[in-house]
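Undergrad: Chains as they are written, first to last, in our numbering: chain A, 1 to 189; chain B, 1001 to 1189.
Hints were generated in silico from the structure; no laboratory data involved.
Take these hints with a grain of salt, some might be off.
Said to hold, decoys possible - The calculated lysine-lysine pairs, modelled on BS3-like cross-linking and capped at a C-alpha distance of 27 Å, are:
1) B:LYS1115 to A:LYS121
2) B:LYS1121 to A:LYS121
3) B:LYS1115 to A:LYS115
2 protein chains.
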Amino acid sequence: MGRWEPNARGRMAEAALQLYSEHGYEQTTVAEIARRAGLTERTFFRHYADKREVLFAGSGELEELFVRAVAGAPESAAPIDAVAAGLDAVAQMFAGRREYARRRHAVITATPELKERELIKLASMSAALAGTLRRRGVAEPAASLTAEAGIAVFKVGFERWAAAAEEREMSQVMREALDELRAVTAGGR
Amino acid sequence: MGRWEPNARGRMAEAALQLYSEHGYEQTTVAEIARRAGLTERTFFRHYADKREVLFAGSGELEELFVRAVAGAPESAAPIDAVAAGLDAVAQMFAGRREYARRRHAVITATPELKERELIKLASMSAALAGTLRRRGVAEPAASLTAEAGIAVFKVGFERWAAAAEEREMSQVMREALDELRAVTAGGR
Chain A
1 MGRWEPNARG
11 RMAEAALQLY
21 SEHGYEQTTV
31 AEIARRAGLT
41 ERTFFRHYAD
51 KREVLFAGSG
61 ELEELFVRAV
71 AGAPESAAPI
81 DAVAAGLDAV
91 AQMFAGRREY
101 ARRRHAVITA
111 TPELKERELI
121 KLASMSAALA
131 GTLRRRGVAE
141 PAASLTAEAG
151 IAVFKVGFER
161 WAAAAEEREM
171 SQVMREALDE
181 LRAVTAGGR
Chain B
1001 MGRWEPNARG
1011 RMAEAALQLY
1021 SEHGYEQTTV
1031 AEIARRAGLT
1041 ERTFFRHYAD
1051 KREVLFAGSG
1061 ELEELFVRAV
1071 AGAPESAAPI
1081 DAVAAGLDAV
1091 AQMFAGRREY
1101 ARRRHAVITA
1111 TPELKERELI
1121 KLASMSAALA
1131 GTLRRRGVAE
1141 PAASLTAEAG
1151 IAVFKVGFER
1161 WAAAAEEREM
1171 SQVMREALDE
1181 LRAVTAGGR
């Protein structure tokens, strides 16, 4: 291990985001990301497997937070309310991070390889939530469907919250998206 | 173009599925797939970009069928009922194909690269459904949330239908999954 580099991960993520925005993901190399962050390529590879991973540093933390909040919801809470508690916890984590999230979302939307990675992240979160709900005693397929519903709300809510003109807090946007999902699934028949 | 090869696409998909099951996806080459199908590599690449695509030959057809059924639902139908009509149409398409679907699903589940491709397929279907619902006059975020709900039901329902012991028809499994989604989202509060 080399000398201590303060906030190396954050600096590399910010450098990567800048370069992907300026030149595109395909055109950017790990060497350029490391240089812009004032670090070496070796340091980059100590933290990330490749240039796709650098924008997903927070995925593990996000999933853990979501899962922990669902697991920690009152035993009496309905599965969908446990998931709502998870969405609320996640929304707290994004407080004050909208500008970064917007820039990151724009780059991901423009880059098929990053969009794929984002889908993998969401599928992993969904599987983790379903497992947590089963441990709360929820049977299948209810556990998987509730988890998928939660991820649908997170995905659609996140996009709304990150949209250019949006100013409401994420927690409010997520609650509205969940209410809307309840309304659309209750409709018809 | 070479001579006419009857059902070249289907033969290559079946050959790929056999080889992926026997030796694993990583270990299988396009040359081996073509040989087992009794065709040339050139023919393979006339039909598929690479060995990942060969198991997704029907994705376009599936999405089109789903979208067409949603678009063609009665004008008065609630968005979720239009999606239910789409699920029903999709279920008809899979009638008599459970054995193939089971084998394909097992290979995909065991192969990260194919799982990614499956996620891309589902995301594409969701986006297409949301667009179709907007053209039916459904506002956002209701359109995207209804589409995501439909894909959640398709994903969870498909896995149930493809499970080893399952004998019910796909249309029934899908209807039950949709009812279950309605029940879980209606719970709590």
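Undergrad: Could you run down the list of hints and mark each one as holding or not?
TA: To see whether the hints hold, each was checked on the structure:
Pair hint LYS1115 (chain B) plus LYS121 (chain A) holds up; C-alpha atoms about 12 Å apart against a cutoff of 27 Å. The hinted pair formed by LYS1121 (chain B) and LYS121 (chain A) meets the criterion: a straight-line CA distance of about 15 Å does not exceed 27 Å. Of the supplied pair hints, the one linking LYS1115 (chain B) and LYS115 (chain A) holds, its CA atoms being roughly 14 Å apart against a limit of 27 Å.
Against the hints set out earlier in the document, no violation occurs for any number.
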